[in-house]
Amino acid sequence: MSSSIAQNLRAPALVLVFFVLVDVISLALADKVQFSPDTCPLHLCFSYFPTYVKYSLNMSLYMFITQSFEDVRCKCICPPYRNISGHIYKRNVTQKDCNCLHVVEPMPVPGHDVEAYCLLCECKYEERSSNTIKVTIIIYLSVVGALLLYMLFLLLVDPLIRKHDPYTMPLQNEEDSEDVRPRVDGAQGRGNTVLERVEGAQQRWKKQVQEQRKTVFDRHKLLS
Amino acid sequence: MNGAGNLMDFLDEPFPDVGTYEDFHTIDWLREKSRDTDRHRKITSKSKESMWELIKGLLDAWSGWLVMLLIGLLSGTLAGVIDLAVDWMTDLKEGVCLSAFWYSHEQCCWTSNETTFADRDKCPQWQKWAELMTGYTEGAGVYVLNYFLYVLWALFFSFLAVSLVRVFAPYACGSGIPEIKTILSGFIIRGYLGKWTLLIKTVTLVLAVSSGLSLGKEGPLVHVACCCGNLFCSLFSKYSKNEGKRREVLSAAAAAGVSVAFGAPIGGVLFSLEEVSYYFPLKTLWRSFFAALVAAFTLRSINPFGNNRLVLFYVEYHTPWYMAELVPFILLGVFGGLWGTLFIRGNIAWCRRRKTTSLGKYPVLEVIAVTGITAILAFPNPYTRRSTSELISELFNDCGALESSQLCDYINNPNMTRPVDDIPDRPAGPGVYSALWQLTLALIFKIVITIFTFGMKIPSGLFIPSMAVGAIAGRIVGIAVEQMAYHHHDWIIFKNWCRPGADCVTPGLYAMVGAAACLGGVTRMTVSLVVIMFELTGGLEYIVPLMAAAVTSKWVADAFGKEGIYEAHIQLNGYPYLDQDEFTHRTLATDVMRPRRNEPPLSVLTQDSTTVEDVETLIKETDYNGFPVVVSRESERLIGFVQRRDLILAIKNARQKQDGVVSNSVVYFTEDAPQIPASNPQPLKLRRILNLSPFTVTDHTPMETVVDIFRKLGLRQCLVTRSGRLLGIITKKDVLRHMAQMMNQDPESIMFN
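Read top to bottom, the protein sequences are chains G and F.
Residues in the first sequence are numbered consecutively from 1, following the UniProt record's numbering.
Residues in the second sequence are numbered consecutively from 1, following the UniProt record's numbering.
Check each hint, because a few of them may be wrong.
Within a straight-line C-alpha distance of at most 30 Å, the following computed DSBU-like cross-link-like pairs (lysine-lysine) qualify [claimed, not checked]: (1) F:LYS495 x G:LYS221; (2) F:LYS241 x G:LYS207; (3) F:LYS562 x G:LYS207; (4) F:LYS33 x F:LYS48; (5) G:LYS207 x F:LYS620; (6) F:LYS195 x G:LYS207; (7) F:LYS128 x G:LYS221; (8) F:LYS128 x G:LYS75; (9) G:LYS207 x F:LYS733; (10) F:LYS195 x G:LYS75; (11) F:LYS128 x G:LYS207; (12) F:LYS245 x F:LYS48; (13) G:LYS221 x F:LYS620; (14) G:LYS214 x F:LYS241; (15) G:LYS221 x F:LYS361; (16) G:LYS206 x F:LYS620; (17) F:LYS245 x G:LYS207; (18) G:LYS96 x F:LYS122; (19) F:LYS652 x G:LYS206; (20) F:LYS48 x G:LYS207; (21) F:LYS122 x G:LYS221; (22) G:LYS206 x F:LYS48; (23) F:LYS361 x G:LYS214; (24) F:LYS355 x G:LYS206; (25) F:LYS495 x F:LYS33; (26) F:LYS128 x G:LYS124; (27) F:LYS733 x G:LYS214; (28) F:LYS195 x G:LYS214; (29) F:LYS33 x G:LYS214.
No wet-lab data here; the hints were simulated from the structure.
Could you build all of it, start to finish, from the sequences and the hints given here?
Structure representation (structure tokens):
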């Protein structure tokens, strides 16, 4: 299965994935660490290399993902007490201070009643990372968008381009021949240009998917 | 075992693809194992030669742990992404966060100070679609518009999911556990664990779950984790070139998948051991443990639910339970078993229909139709409208004094001044009664719709819907018992443990027990199920109720049919999977072996008298996967066994690269080719692809033993001899067909080799 193209593309792809991961992680952590040359978060340190481009890229990314919501809250739910209706209090305090006395403000009851009132309240300290949520949702949406575009391309544009291409015809006929794999190894689109190689890889992938589709949807051999 | 020298040759001058398998074929565990042993021996002997080789040897030894680390990191990250995206997309069906569109409802109102005690999840930043479009928040028109948009979003999500699956990766559909079980038992499905399957399954899983269909993400997460495992296997030749070793990694990856799906690392390891794995040595146990740990840690650091837990429905309560409560728990176990039977029968019947009739020709339409029905029926009922995980979470929760849900609408004693976490039993208010009605309707709806949902051509797991069915039933029973105890605390059974003013029944616990029972009835898990549930609750005191329910449901379900849902699907698809059941029929190897009595004799090769042309004709005319090699046709004494695939590749390779090999060349399987006159063409020596130690049994071996050998050693084929003479061959397919025949099933359903 591993083709030479895949072999060639593997290393750069891995490096790319690694950088994306580092980016995501460091952006997620960015709110926790102040952005200054002294305490640079993970890969942002790399930006002090003289590559100004990367620096500005990271800066713009960093500006884009600035924090707009608080990420820590202490939430106290206080039920109705005597003639006071129930209320929810939320404040940004440390975990140590997350109790009724620090969070409920202004205190609706006189001093001697505070203890009884606070006994009824339930306080919970919660954390979240709004940057992780933002980055995840945006990445997810862009992946779905890219897949959608590629799907539309494959379904609508590709057949139009390939209408006169003789290369697709033999593909249809050889589907049921027995030893597909050795032949694929031999005829591994060893084109000269990168474009031709990508083309070859795409053709082989398309054929595999077609085969899978036949197995699953037409013959109902698997997964039914 | 295999001659070491023979295999060394193999490694010294390999030609591409030798020793690999074709698609939809079974691997030979013995061969893989001995290949790995040889590889290991080679590395050890080399490592004494130089420092560099020593380092390489150490790296090789550590690569297993490294792969586990990578699997844990990636599957944990993917699970986090899936959780976050599902959370957001599920809420997108109802409305949008105006301040930041990427926030779900809860996240949107996270810091808002406008939430009130009565309406805890309302804040101005979050607007429903109708409110955004018309400006009104109440009224029939608003309701209808919200309803319409809910259905529309659901249809859009599921249509997107099914088209992505169809166009990019058809293997990404379904739960994946039956196939992974089969793959782990030694079957090759190329592309099933590929990169595109990984990408598409991750993306479409989010869409499928958010569309509100009655399905869960747990089973597909196991598939996703196994895809991660396969991806990282390809980085290390130790795993990429050895199908047996690869399966060890995949077993561990399955554990990591369950670990992140339920936030239960130990449960995940046990799940892999009990449910999916076939070959699970101790080494794999430790590695699975490590992978599950890393995956859980990664997910925890992403903190997708904002509750510092790995799952949405984590619960924590420590109220005690009483001996008498075991009766309702066991009744819930019976319900779970009945549900399991009903679900398996119904689902398999429906899937068979899909497989054989024209229903299977319209996968996209089917998904759209089921989504439409689900969304239309789910919206009016608040318990089915929300996501199933949230429903389970609410059902599991105990009613504190501050709970706002309808299920906690009890009539409070006005002068109650006890602290928050110790509330006595109270009479149910009108909210609880209306909730009971809605829950009953939700239960019927879930039972019916899940049967039709599982097995559609989108990623779909059945853990969550099964748990939901059980949790609803359990909660109903729990409330009933609670109210009975409150109103009749003078009854003899309640007298001892339920005095007035005491907190004696926890309905949430019943929901949990019910969930465990239903999951157990469907999957027939026991140990791993109890451990998973116990890790969800973080309390040891509920182990006995959970065990009682799990065992009862297994007994009840086993009484109606031996196999769980995964085995049933394996059988439906005719995968070559040898399960661990006893084989008790008194047949002999000679009854099962090929050729049968009036069939033409076995196709064999001779060690020194076949020509290349003969071999090629044999390959062309037959479709056997391997050929026995004998001394001569007269004596029929066995020498070894040669795989078809290796033979094809070797001859092709020799014809291309070796001079003088023509159709008339004689093929030699002997150690040294005899001296031949110069006039004859160059001989072709093929001893290095010959397996010199094929497994043999005599013709009078009972099939019981043969089945055991196949199961325990993972054989692909076994030769049958009588006093040294080759009589026939038994393949795994023959064994499976024989077993199907003995159990009065159609032997032709086993299609794969």
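Taking the hints in turn, this is what the structure says about them:
1. F:LYS495 x G:LYS221: Measuring from Cα to Cα gives roughly 60 Å; hence the hint is violated.
2. F:LYS241 x G:LYS207: Holds, at about 24 Å.
3. F:LYS562 x G:LYS207: 40 Å, violated
4. F:LYS33 x F:LYS48: 24 Å, holds
5. G:LYS207 x F:LYS620: 25 Å, holds
6. F:LYS195 x G:LYS207: 15 Å, holds
7. F:LYS128 x G:LYS221: Judged against 30 Å, a Cα distance of about 44 Å means the pair is violated.
8. F:LYS128 x G:LYS75: OK: F:LYS128 and G:LYS75 at ~24 Å, within 30 Å.
9. G:LYS207 x F:LYS733: Judged against 30 Å, a Cα distance of about 28 Å means the pair holds.
10. F:LYS195 x G:LYS75: Roughly 43 Å between the alpha carbons, so the hint for F:LYS195 and G:LYS75 is violated.
11. F:LYS128 x G:LYS207: Cα-Cα ~44 Å, so violated.
12. F:LYS245 x F:LYS48: 25 Å, holds
13. G:LYS221 x F:LYS620: 25 Å, holds
14. G:LYS214 x F:LYS241: Cα-Cα ~28 Å, so holds.
15. G:LYS221 x F:LYS361: Holds. G:LYS221 to F:LYS361 sits at ~13 Å (cutoff 30 Å).
16. G:LYS206 x F:LYS620: 28 Å, holds
17. F:LYS245 x G:LYS207: Holds. F:LYS245 to G:LYS207 sits at ~29 Å (cutoff 30 Å).
18. G:LYS96 x F:LYS122: 28 Å, holds
19. F:LYS652 x G:LYS206: Holds - the C-alpha atoms of G:LYS206 and F:LYS652 are around 27 Å apart, at most 30 Å.
20. F:LYS48 x G:LYS207: Given that 30 Å is the threshold and the Cα spacing comes to 47 Å, the pair is violated.
21. F:LYS122 x G:LYS221: 50 Å, violated
22. G:LYS206 x F:LYS48: At roughly 47 Å apart (the allowed maximum being 30 Å), F:LYS48 and G:LYS206 break the hint.
23. F:LYS361 x G:LYS214: With a Cα-Cα distance of about 11 Å, the restraint between F:LYS361 and G:LYS214 holds, given a limit of 30 Å.
24. F:LYS355 x G:LYS206: Distance of about 25 Å is within 30 Å: holds.
25. F:LYS495 x F:LYS33: Violated, at about 64 Å.
26. F:LYS128 x G:LYS124: 28 Å, holds
27. F:LYS733 x G:LYS214: 23 Å, holds
28. F:LYS195 x G:LYS214: Given that 30 Å is the threshold and the Cα spacing comes to 19 Å, the pair holds.
29. F:LYS33 x G:LYS214: Outside the cut-off at roughly 34 Å; violated.
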